[in-house]
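Peer 1: Given next are the chains, with one letter for each unit.
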Amino acid sequence: MAIKDKFFGNALDSFTTVSLAVLLVITAVMLAQHGAMALQEKGASVSGKELADEMYQKRLEQDKKIYKEVQRLFGMRMYTAAEEVLQKVQRDHPDNPRSFIYQARLQYNTGKMVEAISSYRQAVDSEPDFVDNNTPLFLGKEIMDHLVAAKTTLAQELKSRPKDEEIRKALDELLYLQRRVAGGCE
Amino acid sequence: MSRFKLPDLSIITGIVLGGGAVMLTLFGNPVNSGICISCFLENLAGALQLQDSVRMSYIRPELVGFLLGAFFMAKQNRRFRVTGGSSPLIRFFLGFFMIVGCGVFIGCPIKMLLRLGAGDLTAVAALLGMLFGIWLGGKYLRAGSVLDRAQNLPTINGYILPGIGFLLLLFLFLKPAFIQQGFSGPAAQHAPLWISLAVGLLIGGLAQRSGLCITGGIRNFFLFREKTLFSGVIAIFVSALMVSLVSGQFNLGMEAQPGAHHSHLWSFLAMVLVGLAAVIVDGCPFRQVIKAGEGDVDAGITCFGMVTGAAMVITWQLRSTSAGPVFNGQIATLLGLIFCLTVILSYRKARVKR
Chain A
1 MAIKDKFFGN ALDSFTTVSL AVLLVITAVM LAQHGAMALQ EKGASVSGKE LADEMYQKRL
61 EQDKKIYKEV QRLFGMRMYT AAEEVLQKVQ RDHPDNPRSF IYQARLQYNT GKMVEAISSY
121 RQAVDSEPDF VDNNTPLFLG KEIMDHLVAA KTTLAQELKS RPKDEEIRKA LDELLYLQRR
181 VAGGCE
Chain B
1001 MSRFKLPDLS IITGIVLGGG AVMLTLFGNP VNSGICISCF LENLAGALQL QDSVRMSYIR
1061 PELVGFLLGA FFMAKQNRRF RVTGGSSPLI RFFLGFFMIV GCGVFIGCPI KMLLRLGAGD
1121 LTAVAALLGM LFGIWLGGKY LRAGSVLDRA QNLPTINGYI LPGIGFLLLL FLFLKPAFIQ
1181 QGFSGPAAQH APLWISLAVG LLIGGLAQRS GLCITGGIRN FFLFREKTLF SGVIAIFVSA
1241 LMVSLVSGQF NLGMEAQPGA HHSHLWSFLA MVLVGLAAVI VDGCPFRQVI KAGEGDVDAG
1301 ITCFGMVTGA AMVITWQLRS TSAGPVFNGQ IATLLGLIFC LTVILSYRKA RVKR
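From first to last, the protein sequence lines are chains A and B.
Oh and the first sequence: position 66 is 66 in our numbering, straight run, nothing missing.
Take the position in the second sequence, starting the count at 1, then add 1000; the result is the number in our numbering.
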C-alpha cells in the first residue's frame, strides 16, 4: 500500500512513474540493440583490434621492404656499407622509428656502446610498442640482451675513467631502458 | 562472516588483496600492478575519453568490483548509511592531489606494497614518505584539524556511485563505441574479465566489512597503537611477498624494476602528499572507493576528484615515467602539499575560533 501511494498517490506521481518506466524500457531496448550489433560486428566498434592487427601487419611488411638491403648487409657483417644504406633510408623515411633499432644494432656490433644505448632510447621513446610484448613489434628481448652486455662493458670502462660523464649518462639511460623493457604501468 | 573477529577479517582481507593482486599479474595484469587504484583510475579516465592515451584506456573490472562488492556487502549487513556534505570541494581537490602524488611515484599505496613485496627497493623512499605524511597528518588530527562532520542525506545520494559502477559494468560487456579500449601498452595487459571482476567483488566485500585501509591502518597505529587495520596492511605485504616468491616474480634490487624510477626524493615527497591527503579525507584511494560503495557521498566526491586527477595526470603530464618525474608533476606535487597544509591550517584556526 505504501509503495502504491509513493508511486501512484496522485496524478502527478502516476505520470512521473509511468514516464520513468517508459524511459527505462526505451533505454534498455536501445542498449540491447546496440549490444547485439556490437556482438555481430565482434566488438569492432570498440577496440579496433582487427584494424590494429592489420595496421601492424602492413607496417611489418613495409619495414621489411624498406630495410631489406640494410638487413642483408648487416647479416653479412658489412657494417660500414649497411650504415651508408641506413643513412639513405633515414633521409627517405625520417618518421620511421625502426631506423633507430638498426642504428643501435650497428653501433652495438661495432663496439659503440654509448651511442647504441642512446639509439635504443630514441627507438623506444618514439615507438613504445618495441618494448610491448603484446604487439608484433616487440623487440624487448634483443634490447635487454644488448643492455645486459653493454652494462658490463660500461661498468668496466667507468672503473678506468670514473669521472667520464658520458659513460655515467649512458649508464643512467641504460637503467631507464631496462625499466622500460621490464614493463609495468606507464 | 560473523564468526571472524575484526582483526582476523582485516588479516584475511589483506591476504586476499596482496595475494590476489600478484595472482592477477599472473593472469595478465601489468607486472607489479595487479591492483593499483591510481593506475586503474587512469585507465578508466582513458576509457571514458577524459584523457587521450589509448595505451592507458580500459575499464578495469577490479575497480568496478571493489565498488559493487562494498555496496552489496553494506546492503547485506545493513551498513549502507548515506552521509555527506562535509567540505565537498576540498575533498574533491584532495582526491585530485592524491592521484597526482600516486602518478609521480607511479602507484597508489597498494601498489607501493606490491612493489616492495616484489623486491622493488625504489619503493622504500615512497614508503618512508607515506609514513611521514601519515605521521604528520596524525599530528594535525590531534591538534584538531578535522574536516566538517558529515550529515545524514536522502538515500538516493548513496546509490549514485554504485549506479555508476553498474553502468561501467554494462559498458564493459556491451562495449559501446564511445568507450575507448587500448590494444597495446598497459591497457592490453589485463586478466580475463570474469576473474578480475570476481577478485574485485571479493576484495570489495571483505574490505567493506573489515574497513581495511593502508593509510588508516598506519594512522591508527601511530595515533593509538591500534593494530586491527595495521595487521591487514602487514598481511598485504607478506602475502604479496610470498606469492611473488613462489611464482618467481620476486626480483630484489633497484634496477630493471617495472614501472619505477630513481628519483627517490620525488617518490618520497609524492607519497608524503598521498599520506597527508589520505589522513585528511580519512582513507587511502582504495578506501575512498569502498566508502563510496557503502553510501558515503563525501568519499564519492573524493572519487570524482580522483578520476579528474587521473585524467589530468596523463593529459597535463603531472606524473613520472620510467625516466623520472616530469616537471609538471613536480610542480603539482608541491602545489598539492601547499593545498593540504593550507586546508589543515584553516580548519585548525576555524576550530580554535569556535
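Hints may contain errors.
[Unchecked claim] Restricting the straight-line Cα-Cα distance to at most 27 Å, the calculated cross-link-like pairs of lysine-lysine (DSS-like) are:
id, chain 1, residue 1, chain 2, residue 2
1, A, K64, A, K49
2, A, K65, A, K141
3, B, K1227, B, K1139
4, A, K88, A, K58
5, A, K4, B, K1075
6, A, K163, A, K151
7, A, K58, A, K4
8, B, K1075, A, K49
9, B, K1075, A, K6
I should point out that these hints are in silico values taken from the structure, not numbers from a laboratory.
Peer 1: State for each hint whether it applies.
Peer 2: Hint by hint, here is what the structure shows:
1. Between K64 of chain A and K49 of chain A the CA atoms are separated by roughly 22 Å; this keeps the pair inside 27 Å, and the hint holds.
2. The suggested pairing of K65 of chain A with K141 of chain A holds, with an alpha-carbon distance near 23 Å, which does not exceed 27 Å.
3. A C-alpha spacing of about 18 Å is found between K1227 of chain B and K1139 of chain B, which places the hinted pair at or below 27 Å, so the restraint holds.
4. A C-alpha spacing of about 22 Å is found between K88 of chain A and K58 of chain A, which places the hinted pair at or below 27 Å, so the restraint holds.
5. At roughly 24 Å between alpha-carbon atoms, K4 of chain A and K1075 of chain B fall within 27 Å of each other, so this suggested pair holds.
6. As the CA atoms of K163 of chain A and K151 of chain A are separated by approximately 17 Å, the hinted pair is consistent with the 27 Å bound.
7. Of the pairs offered as hints, the one joining K58 of chain A and K4 of chain A is violated, with about 63 Å between alpha carbons and a cut-off of 27 Å exceeded.
8. A threshold of 27 Å between alpha carbons decides the hint, and for K1075 of chain B with K49 of chain A the separation of about 39 Å lies outside it, so the pair is violated.
9. The straight-line distance between the Cα atoms of K1075 of chain B and K6 of chain A is roughly 22 Å, inside the 27 Å bound, and the hint therefore holds.
Figure legend: structure checked against the earlier numbered hints; hints not met, in rising order: 7, 8.
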